[in-house]
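Novice: Using the sequences plus the hints, can you model the full thing?
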Amino acid sequence: MLVLNGLGKIYPNGVNALERFSAEIRLGEIVAIIGGSGCGKSTLLRAIAGLDRATSGTVTLDDIKISAPHAKIGIIFQEPRLLPWLSVAENIGFGLSDLPADIRRQKVAGALARVGLADKADAWPRELSGGQAQRVAIARALVPQPEVLLLDEPFSALDAFTRRDLQDHLLDLWADTRPTLVLVTHDVDEAVVLADRVFVMRPRPGRLFEEIKVNLARPRDRNSPMFDSFKRRVLTALDRSLDRNVPDGDSKSTAGEAMWW
Amino acid sequence: MAMTVELPALETTDGTIAPPASRRLRRWTQPAIGLLLPLGLALAWEATVWLGFSNGRLVPPPTKIFAAIVELARSGELARHIMTTLSRVAAGFGLGVLAGTVLGAISGYWTLARRLLDPTVQALRAIPSIAWVPLFILWLGIFETSKIVLIAVGVFFPVYLGVMGAILSVDRKIVEVGRTFRLSGPAMIRRILLPAVLPAYVVALRVGLGLGWMFVVAAEFMGASEGLGYLLIDGQQLGKPAQIVAAIVIFAILGKTTDWLIEIGSAPLLRWQDAFGRHSGGA
Chain A
3 MLVLNGLGKI
13 YPNGVNALER
23 FSAEIRLGEI
33 VAIIGGSGCG
43 KSTLLRAIAG
53 LDRATSGTVT
63 LDDIKISAPH
73 AKIGIIFQEP
83 RLLPWLSVAE
93 NIGFGLSDLP
103 ADIRRQKVAG
113 ALARVGLADK
123 ADAWPRELSG
133 GQAQRVAIAR
143 ALVPQPEVLL
153 LDEPFSALDA
163 FTRRDLQDHL
173 LDLWADTRPT
183 LVLVTHDVDE
193 AVVLADRVFV
203 MRPRPGRLFE
213 EIKVNLARPR
223 DRNSPMFDSF
233 KRRVLTALDR
243 SLDRNVPDGD
253 SKSTAGEAMW
263 W
Chain B
238 MAMTVELPAL
248 ETTDGTIAPP
258 ASRRLRRWTQ
268 PAIGLLLPLG
278 LALAWEATVW
288 LGFSNGRLVP
298 PPTKIFAAIV
308 ELARSGELAR
318 HIMTTLSRVA
328 AGFGLGVLAG
338 TVLGAISGYW
348 TLARRLLDPT
358 VQALRAIPSI
368 AWVPLFILWL
378 GIFETSKIVL
388 IAVGVFFPVY
398 LGVMGAILSV
408 DRKIVEVGRT
418 FRLSGPAMIR
428 RILLPAVLPA
438 YVVALRVGLG
448 LGWMFVVAAE
458 FMGASEGLGY
468 LLIDGQQLGK
478 PAQIVAAIVI
488 FAILGKTTDW
498 LIEIGSAPLL
508 RWQDAFGRHS
518 GGA
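Chains A and B are the protein sequences, given in the same order.
The first sequence begins at 3 in the numbering used here and counts up one residue at a time.
The second sequence begins at 238 in the numbering used here and counts up one residue at a time.
Watch out, some of these pointers could steer you wrong.
Computed cross-link-like contacts, DSS-like style, restricted to lysine-lysine with a CA-CA straight-line distance of at most 30 Å [claimed, not checked]:
id: 1; chain 1: B; residue 1: K410; chain 2: A; residue 2: K109
id: 2; chain 1: A; residue 1: K67; chain 2: A; residue 2: K215
id: 3; chain 1: B; residue 1: K493; chain 2: B; residue 2: K301
id: 4; chain 1: B; residue 1: K410; chain 2: B; residue 2: K301
id: 5; chain 1: A; residue 1: K109; chain 2: A; residue 2: K122
id: 6; chain 1: A; residue 1: K215; chain 2: A; residue 2: K74
id: 7; chain 1: A; residue 1: K67; chain 2: B; residue 2: K410
id: 8; chain 1: B; residue 1: K477; chain 2: B; residue 2: K493
id: 9; chain 1: A; residue 1: K67; chain 2: A; residue 2: K122
id: 10; chain 1: B; residue 1: K410; chain 2: A; residue 2: K122
id: 11; chain 1: A; residue 1: K215; chain 2: A; residue 2: K233
id: 12; chain 1: B; residue 1: K410; chain 2: A; residue 2: K74
Bear in mind the hints are in silico, worked out from the structure with no lab data behind them.
Specialist: Take a look at the structure:
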């Protein structure tokens with residue numbers, strides 16, 4: 003279980019990015035964090051990853067306090083961040099350097115096949131498309147079999163079609179070992195299609211505004227009326243989190259996001 | 238004739254596997270175009286002198302230069318001069334690269350050291366390095382030490398700047414990947430920083446080497462009894478322009494060759510950089 007207890011972050015310049023954020027996330031659960039820019043969602047994720055320290059509160063994973071990157075926690079960033087001097091296979095095996103070479107090779111080959119890039123093993127990162135590169139990044143994060151996988155707007159730089167493709171693919175991969183996923187996104191569709199729970203945050207200071215349970219069986223049909231109603235609930239919460247009363251707010255909240263920089 | 242070469246090439250254009258014969262041909266003809274101008278000028282000058290339009294005393298024709306090189310080579314003098322100059326460049330380059338790499342790495346890696354060190358280095362860099370010559374001679378004597386130090390000073394600055402700049406511009410996001418995989422300090426340097434810095438380092442080495450060749454001439458102008466720079470001075474004092482041009486030609490060949498050695502030596506490590514060019518098959 004991943005426990006976030008009263009997390010807060012005040013940057014040295016005085017910006018109060020995150021305030022009293024608490025949540026308990028069960029093993030295997032998928033949580034999406036959504037909110038306008040500046041609501042502290044990336045700050046929150048970086049604190050869970052142990053990349054930045056929170057100024058108050060604690061992150062514990064199975065009763066271990068997290069204050070630095072941990073073997074059980076993997077992270078995928080908005081950009082693939084592949085190492086350009088390593089081949090695709092070497093990139094995926096980057097986190098496995100403690101293992102004997104033959105086991106490593108085996109795991110990398112398995113991961114490559116799983117993300118459908120077996121033929122790209124010896125390619126260089128710059129030869130990949132954006133979607134392929136992000137698949138490699140997912141494989142690299144998953145191959146050490148983390149208990150928790152953090153995703154920081156992982157598909158936002160991709161085109162709509164590739165994005166859907168990778169969302170479905172991520173769920174497939176998740177089903178293999180069922181790690182906990184914590185996903186930061188600004189895409190309502192993505193939050194509803196992936197998450198068991200959606201945390202809607204509000205900015206200045208970044209705080210948990212509303213928690214929405216998505217009780218939909220997987221695989222989820224993006225065109226079903228139920229899916230739509232959950233989307234509308236998230237959108238409404240987003241609008242209210244920005245103090246705007248738009249009763250049937252649809253596309254407005256995403257357009258208004260730019261205000262909250 | 239041209240058609241028979243190009244017809245099979247047309248069939249493979251969308252296959253993109255085998256390089257078409259015409260492209261292989263182009264790989265050789267394109268650099269050859271660059272040779273047209275110097276070769277043409279050389280031939281024209283040779284003809285001018287041969288036809289008696291000029292006596293070619295101050296600007297010797299290519300055959301005279303070639304004869305001068307052959308004569309120097311036959312007496313064994315040429316090899317001695319080349320070895321002397323090469324060993325000076327090697328020692329100065331080695332020293333300059335070592336100092337530049339160490340100080341550049343410290344300045345790049347450690348902010349406090351950069352604040353302390355960099356302003357002084359930048360100020361020293363603003364001094365034309367030849368201005369040090371009298372001081373070096375006073376301090377280190379007229380023989381090898383002062384020459385090698387002068388070359389090392391020339392090599393130091395581009396290497397220092399290259400290493401420091403390369404370390405400073407390492408992508409923070411890539412370093413963060415290393416952090417998420419919990420790399421130790423040494424592992425971070427070996428697996429992230431060194432490979433990230435390498436392309437810029439190779440460029441810095443090549444610039445440094447170019448300056449090393451420049452400064453060996455300056456060094457050998459100040460009272461050397463052997464070396465290619467001595468050949469230049471000797472040719473001037475004895476009025477032998479063919480010897481001067483011969484030495485210049487040999488400088489050009491040596492400079493290009495050593496540069497090329499760095500290039501092919503580093504190529505296997507930088508293969509990932511030109512992967513794009515290789516696969517798109519362009520250029």
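Novice: Look at each hint and say if it fits the structure.
Specialist: Structure-based check of each hint:
| no. | hint | result |
| --- | --- | --- |
| 1 | B:K410 / A:K109 | 25 Å, holds |
| 2 | A:K67 / A:K215 | 27 Å, holds |
| 3 | B:K493 / B:K301 | 23 Å, holds |
| 4 | B:K410 / B:K301 | 60 Å, violated |
| 5 | A:K109 / A:K122 | 15 Å, holds |
| 6 | A:K215 / A:K74 | 26 Å, holds |
| 7 | A:K67 / B:K410 | 25 Å, holds |
| 8 | B:K477 / B:K493 | 25 Å, holds |
| 9 | A:K67 / A:K122 | 38 Å, violated |
| 10 | B:K410 / A:K122 | 24 Å, holds |
| 11 | A:K215 / A:K233 | 11 Å, holds |
| 12 | B:K410 / A:K74 | 21 Å, holds |
Violated hints, in rising order: 4 and 9; the structure is consistent with all others.
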